[in-house]
Structures are given as C-alpha cells and as structure tokens.
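Visitor: Sequence:
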Amino acid sequence: MKWKINSLQYSTILALLIYIPILGIGTHSIINIAKNDAYLSTIITAILGIIIILLFNYIHSYNKDKPISTTIINLYGKVLGNVINTIICIIFLIISITYLYNLSNFITSQFLNQTPTIIIVISITILIAYNLSKGFQNMSRVSLILFTITLILYILTFIFLMPHTDINKLKPLLSNNITSITKAGIHLTFTNILPIFALLCIPKNNIKDNQKLNKYIIIFYIIAISLCIILITATISTLGIYITRMYQYPEYIALKEVNLLGFIERSENILSIQWILGYFVSISLFIYYISSTIKIKEDTPNNIITIIILIIAIYLTRKIFKNNTMFNYYITNIFPYITMILLLVFVLIAITIFIKKRKIPN
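Take 185 as the starting number for the sequence shown in the working numbering and just add one per residue.
Treat each hint with caution, since some may be false.
[Said to hold, decoys possible] Under the rule of at most 25 Å between Cα atoms (straight-line distance), these lysine-lysine pairs were calculated in the BS3-like manner:
#	residue 1	residue 2
1	Lys188	Lys388
2	Lys262	Lys250
3	Lys399	Lys543
4	Lys388	Lys219
5	Lys248	Lys353
6	Lys262	Lys503
Since the hints were derived computationally from the structure, they do not count as laboratory data.
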C-alpha cells in the first residue's frame, strides 16, 4: 500500500462507525431491553468501549506495515490464517447486509414510501461501488467531509430539540434491574463499537502522522460515544419511553419536534441526512475490508471483487430480511452475538501477538 491518509481522517471514520448504528439498531436494541434506563446503559457501553479501544490500539500498533489479513496469516500460517480471515470477512458481510437493509428501510419508510426497497438498495450499492473504485485515500477524504457535515447537523439537532425535552420523562430512575441495564450496555457495545475492527485493514504505516493516532482515536471515541449518550437521552426525554418503544426509528420521530430556524418545514429530513451519510461510509469500509482481503493486485482497487460482493449483499439483503418484525427480532436477539465473534477473534489475535512478543523481544 503506497497511499497515505492522516490520523484525523482515520479517526473520523472510527467515530462514524461508533455513532451511526444508533439509528434503527443500537437504540432499538437497548430501549427494548433497558426501557427508560437505556441512557444508563450507554454509560456502561462507554466504559466497556474503552477496553475495546485499548485492544484495537494494541493490535494496530503491531500491525504496522501490513493489513490485518496478512498479519493473521503470518501469525497462524496459511491454512488457519485463511480460515480466520474467512470468518472475519463473513461477519463484516453480515454487518454490511444489516446496515444496508436498515438504511434502505429507513429511506423507504420515511422518505420514499412509494419506491420499492430494491431500487433504494441498488442505488446505495452503486454509490458505494463508485466510492470504493477511487481507493481508500479518496474514501477517507469523503469520510472527513461527511463527518463534519454529520457533526454540524447533530449540533443543530441538539440545539433545536432541547426546548422539547422533559427530564421527568426519564423517571423513575433505575426502574429496571441492574442485569437488564448491564445487558443493554453490552448489546450496544457489540453493535456499535466492535465494528471498528474493520479499520485494522489499514496498516499504521499508511497513516502519515501515526504518532498522533492513539490520541486522536481516544478523542474521537469520546466524541462518538458522547453523541450516542446524548441522542438516546434526548430521544427518551422528548417522546417518553412508551412512544419511543412504538417506533423503529424513534430518533427520527423526535426530530419532528424540531422547528429549524422557524420557517423550514420537514426539517427532520434535513437533519436525518447525518445517518444516511454515516451508513454510506460504514458500509463502504466493510466492503473495502472484504475486497482488500480477497485481493488480486496490490495498491489497486479491487473493482471486480467489490462489485461481486455488493451483488451478493443485495441478494442476501432481499433473501434474509422478509419484514421489519423479523429484522427487529434479529437486531435484538441475534446480531449482537454475531458481532461478539469479532471480539473473540481479535482477543485471540491480541493474545497471540502478546505471546509472540514475549518469545521474540523487539
């Protein structure tokens, strides 16, 4: 890999990966488990997330000049290494399918309810294919711009939503047992934070100012998790827990309360662009991870592989998720355990790196 990106671009992608799955995935899952104590669960997620970030940084510090897929083969040999890489790629494909369905369903249900979902899915994948064809360097620049737009829209959302919030709607405090609150926090960790491991496909030496990287990662992690905590708290305190649980996208419904600048109608459609842009970046990264693992030539976009993966994603999206009821059950009861496999795999990789470092001191 001859191209370079900077620490700021890298860290903004990480922040988007953490924050964006809140829409339709993270919020839906923890509110159904912890109910009006969901905002307390996000604090547990914030603490657990620090452990994930430390694990991520430890592996990335070892993974300096090669993508993680090559490092895995070097650690475990070609046969076992390819098995592990295949497992990781399958999980990221599942996450991509999940995000793709969630995004297309959101667009269809809230903006284009007369448009078939398949048209939305194909349109999104065409844009992703074009984005990836330009290489990761271009994608990282796009991510920085989209993160800036997302942050501006988020700040506007928070400012204009504040008058509609009522702290009393968060009461009674601790109405659920600590087990439910902890379980919801763990679920949110699995759904929103574990996908950051996809960024390990970028070697540390491909980041220009990588001496600043750990600091930037911590800063943007704090920003992203703070956005999650504020969003969930603001949603419940605006709608109340009963109305929040009625909708698949309660964050979007809460935005309907916003009167942007006093004269812009349907301002929720403008403000919700933040989630559409973020999902676009996230899915692009997962597909890039898979295509860079199944590489044909070094330093060139794997356009053919990317297109094949996207076609598979379109097909599986249509086949697996038949309706929203099935999808919502999957998000709460299956998806977190699929992403948990990522944690187990990368903990194993970290342990192997630790043992290897002890045997062969640097």
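Visitor: Could you run down the list of hints and mark each one as holding or not?
Guide: Against the structure, the hints:
Between the alpha carbons of Lys188 and Lys388 the distance comes to roughly 10 Å, so the proposed pair stays at or under 25 Å and holds. Annotation: proposed proximity of Lys262 to Lys250 holds, straight-line Cα distance about 15 Å (limit 25 Å). Under the criterion of a C-alpha separation no larger than 25 Å, the hint pairing Lys399 with Lys543 is inconsistent with the structure, at around 29 Å. Note on Lys388 and Lys219: the hinted pairing is violated, with a Cα-Cα distance of about 40 Å set against a maximum of 25 Å.
About 48 Å separates the Cα atoms of Lys248 and Lys353, which puts this hinted pair outside 25 Å; it is violated. At most 25 Å may separate the alpha-carbon atoms for a hinted pair to count; Lys262 and Lys503 exceed this at roughly 33 Å.
Hint compliance for this structure: hints 3, 4, 5 and 6 are not met, and every other hint is.
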